[in-house]
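K.L.:
Just so you know, the protein sequences line up as chains A and B, in that order.
Mapping of the first sequence onto numbering that gives the first Met the number 0: residues 0 to 419, in sequence order.
Mapping of the second sequence onto numbering that gives the first Met the number 0: residues 0 to 163, in sequence order.
Mixed in with the good hints, there may be bad ones.
Result set (BS3-like, lysine-lysine): computed pairs, CA atoms no more than 30 Å apart in a straight line [as the list claims (entries may be wrong)]: (1) A:K17 <-> B:K8; (2) B:K159 <-> A:K19; (3) A:K155 <-> B:K159; (4) B:K155 <-> A:K372; (5) B:K160 <-> A:K27; (6) A:K47 <-> B:K50; (7) B:K159 <-> A:K17; (8) B:K47 <-> B:K125; (9) A:K281 <-> A:K161; (10) A:K17 <-> A:K47; (11) A:K312 <-> A:K281; (12) B:K163 <-> A:K56; (13) A:K27 <-> B:K125; (14) B:K34 <-> A:K47; (15) A:K56 <-> B:K155; (16) A:K155 <-> B:K155; (17) B:K131 <-> A:K15; (18) B:K8 <-> A:K88; (19) A:K155 <-> B:K160; (20) A:K336 <-> A:K312; (21) B:K8 <-> B:K159; (22) B:K34 <-> B:K160; (23) A:K27 <-> B:K155; (24) B:K8 <-> A:K47; (25) B:K50 <-> B:K163; (26) B:K34 <-> A:K79; (27) A:K372 <-> B:K8; (28) B:K160 <-> A:K47; (29) A:K290 <-> A:K155; (30) B:K34 <-> A:K70.
Listed next, the stretches of chain A that the computed footprint assigns to chain B, with coverage defined by at least 3 CB atoms under 8 Å from CB atoms of chain B [what the hints assert, rightly or not]: (31) 60-72; (32) 86-100.
I should point out that these hints are in silico values taken from the structure, not numbers from a laboratory.
Predicted model only: the values in this text are computed from it and were never measured.
C-beta: ideal position from N, C-alpha, C; glycine also.
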Amino acid sequence: MGMTMVEKILAAHTGKEKVKPGELINAKLDIVLGNDVTTPVAIHEFDKIGVDGVFDKERVVIVPDHFAPNKDINSAEQCKFIRDFAHEKEVVNYFEIGDMGIEHCLLPEQGLVVPGDVIIGADSHTCTYGALGSFATGVGSTDMAAGMATGEAWFKVPETIKFVYTGELNEWVGGKDLILYTIGDIGVDGALYKAMEFSGEVIEDLSMDHRFTMSNMAIEAGGKCGLIEPDQTTIDYIEDRAQREYTLYESDEDAEYEEVIEYDVSEIEPQVAFPHLPENTKGISEVEDIKIDQAVIGSCTNGRIEDLRLAAKILEGKRKADNVRLIIFPGTQEIYKQAMKEGLIEIFIDAGAAVSTPTCGPCLGGHMGILAKGERAIATTNRNFVGRMGHPESEVYLSNPAVAAASAIKGEIVSPEEVM
Amino acid sequence: MNLNGQAWKYGDDIDTDVIIPARYLNTSDPSELAKHCLEDLDGEFVDKMKKGDVIVAGKNFGCGSSREHAPLAIKAAGVSCVIAESFARIFYRNSINIGLPILESVEAVAAIEEGDQIEIDVNSGKIKNLTKDEVYQAEPFPEFMQEIIESGGLIKYVAKKVNK
């Protein structure tokens with residue numbers, strides 16, 4: 000019996016020929032990541048272990064992105080605490096604002112995470128890097144602390160569910176719609192504890208940016224990770240960025256899957272997830288009369304250059320509705336610069352958007368776009384839980400960047416076709 | 000370890016954003032976090048619960064964000080144990096790591112009603128409903144996790160290993 004990609008990567012990091020689902024293993028870590036919300040807790044725990052330094056100064060990555068630029072005094076203290084720790088422990092990959100980006104846009108862009116890696120991050124969307132063909136999973140602060148100290152973490156080898164996407168993509172349908180549709184189908188715990196493997200001709204044709212969006216939301220189905228087999232698209236993305244050697248793993252033909260789920264994408268239209276769970280999805284044609292107060296385009300889910308290009312294509316020469324606040328936040332400084340070079344930022348500003356420095360702020364109701372009681376937003380982010388973007392009586396609808404941009408223009412949730 | 004408290008019952012897919020909203024994540028002080036435990040799910044929870052009480056919930060408890068502040072807030076609020084049909088995996092890991100007792104039991108969740116007095120033997124996974132005079136059995140922890148729990152959490156477990 001062959002092995003899945005996940006099994007191969009975990010075996011290689013455990014010094015074993017083979018691992019099986021259900022097996023408990025202790026794996027070597029290639030990268031340990033934390034942000035300004037999770038790292039302070041990790042540092043307190045790290046200090047209790049009794050080691051002098053981190054296991055590898057180049058393999059710990061700390062990114063103040065959630066409440067940075069510092070939103071208040073407490074946040075400033077938290078950011079200072081992690082900055083001081085990074086300095087004291089000589090952590091090479093600490094990213095200050097100005098260099099910083101949203102962690103899951105930043106790490107792949109900087110070539111810090113590469114195919115074949117085992118990565119833990121004290122942030123649930125660490126699963127994003129599965130798009131490169133690595134095993135990447137979100138953990139809490141205490142696991143981050145143990146990982147920083149030892150360079151290892153324990154895992155239960157997960158079963159894998161394979162998702163096969165075939166057919167022709169409809170216009171305005173991309174990675175975000177595929178993953179929302181999938182979550183809508185299997186539910187927010189449909190892949191609980193499981194590895195998700197996204198495959199098929201549609202995935203083979205997807206660009207890296209769309210692939211990152213899909214892997215990013217594996218956690219929204221309860222998944223431990225969400226992998227895509229590396230191919231020429233992966234190599235083209237990574238070869239000039241990779242800061243380390245990388246290994247390309249493929250699942251064996253006779254690998255054992257817990258389940259194989261097939262989707263004909265020609266039946267999938269742009270998706271909108273209604274409050275208050277990402278599984279509450281509807282096709283855009285079923286969405287009627289949902290007025291919005293705010294549209295948010297960006298985040299670790301949809302803050303990459305292709306997402307911005309898509310939004311700009313819709314917004315060019317148009318203006319947002321008067322009663323809508325449009326907030327666009329590129330994922331990293333590089334993406335921001337690229338968007339400037341391509342004239343996208345000018346299009347956004349002319350459309351009446353507030354363009355923000357990279358930050359997780361609006362997505363998790365941190366800062367830079369909080370919703371008031373009773374307000375409603377469409378967002379290209381990843382969660383629409385109660386109170387996610389602000390007041391517990393506000394509402395978040397999730398969509399792709401084209402739908403969010405079109406909705407900003409109309410003042411209600413609409414298909415991009417209605418404004419083009 | 001025997002725990003005893005009153006049950007507070009909630010539904011499926013209770014996410015970590017409602018357990019501790021992001022607006023309170025600018026601190027990691029457990030006593031501060033405890034003041035806002037479950038605030039966006041049940042604004043009165045902190046006022047009405049007593050030390051030792053038990054949260055009983057449906058499937059996928061603790062889904063969403065990896066914030067360890069969620070089990071920290073629950074623990075610091077004085078909740079002695081969370082019983083759910085199932086837990087989201089990061090929350091499950093975090094709870095084991097920080098020493099918040101959690102138990103999985105579909106049977107217990109179906110039978111326990113809000114206000115029932117519950118007694119729990121964490122080691123054996125035996126859940127007694129004193130109000131209804133019933134006993135339910137939770138899923139046992141794998142041996143390795145039992146080791147972490149018995150060490151007093153992941154950090155003590157790791158510290159023992161690295162300082163050998």
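K.L.:
Look at each hint and say if it fits the structure.
P.N.:
Hints, one by one, checked against the model:
no. : hint              : result
1   : A:K17 <-> B:K8    : violated (43 Å)
2   : B:K159 <-> A:K19  : holds (28 Å)
3   : A:K155 <-> B:K159 : holds (22 Å)
4   : B:K155 <-> A:K372 : violated (44 Å)
5   : B:K160 <-> A:K27  : holds (15 Å)
6   : A:K47 <-> B:K50   : holds (27 Å)
7   : B:K159 <-> A:K17  : holds (29 Å)
8   : B:K47 <-> B:K125  : holds (26 Å)
9   : A:K281 <-> A:K161 : holds (23 Å)
10  : A:K17 <-> A:K47   : violated (34 Å)
11  : A:K312 <-> A:K281 : holds (24 Å)
12  : B:K163 <-> A:K56  : holds (23 Å)
13  : A:K27 <-> B:K125  : violated (36 Å)
14  : B:K34 <-> A:K47   : holds (26 Å)
15  : A:K56 <-> B:K155  : holds (23 Å)
16  : A:K155 <-> B:K155 : holds (20 Å)
17  : B:K131 <-> A:K15  : violated (50 Å)
18  : B:K8 <-> A:K88    : violated (45 Å)
19  : A:K155 <-> B:K160 : holds (20 Å)
20  : A:K336 <-> A:K312 : holds (18 Å)
21  : B:K8 <-> B:K159   : violated (38 Å)
22  : B:K34 <-> B:K160  : violated (35 Å)
23  : A:K27 <-> B:K155  : holds (20 Å)
24  : B:K8 <-> A:K47    : violated (35 Å)
25  : B:K50 <-> B:K163  : violated (37 Å)
26  : B:K34 <-> A:K79   : holds (25 Å)
27  : A:K372 <-> B:K8   : holds (26 Å)
28  : B:K160 <-> A:K47  : holds (13 Å)
29  : A:K290 <-> A:K155 : violated (45 Å)
30  : B:K34 <-> A:K70   : holds (21 Å)
31  : 60-72             : holds (count 4)
32  : 86-100            : violated (count 0)
Consistency with the previously given hints fails for numbers 1, 4, 10, 13, 17, 18, 21, 22, 24, 25, 29, 32, ordered from lowest to highest.
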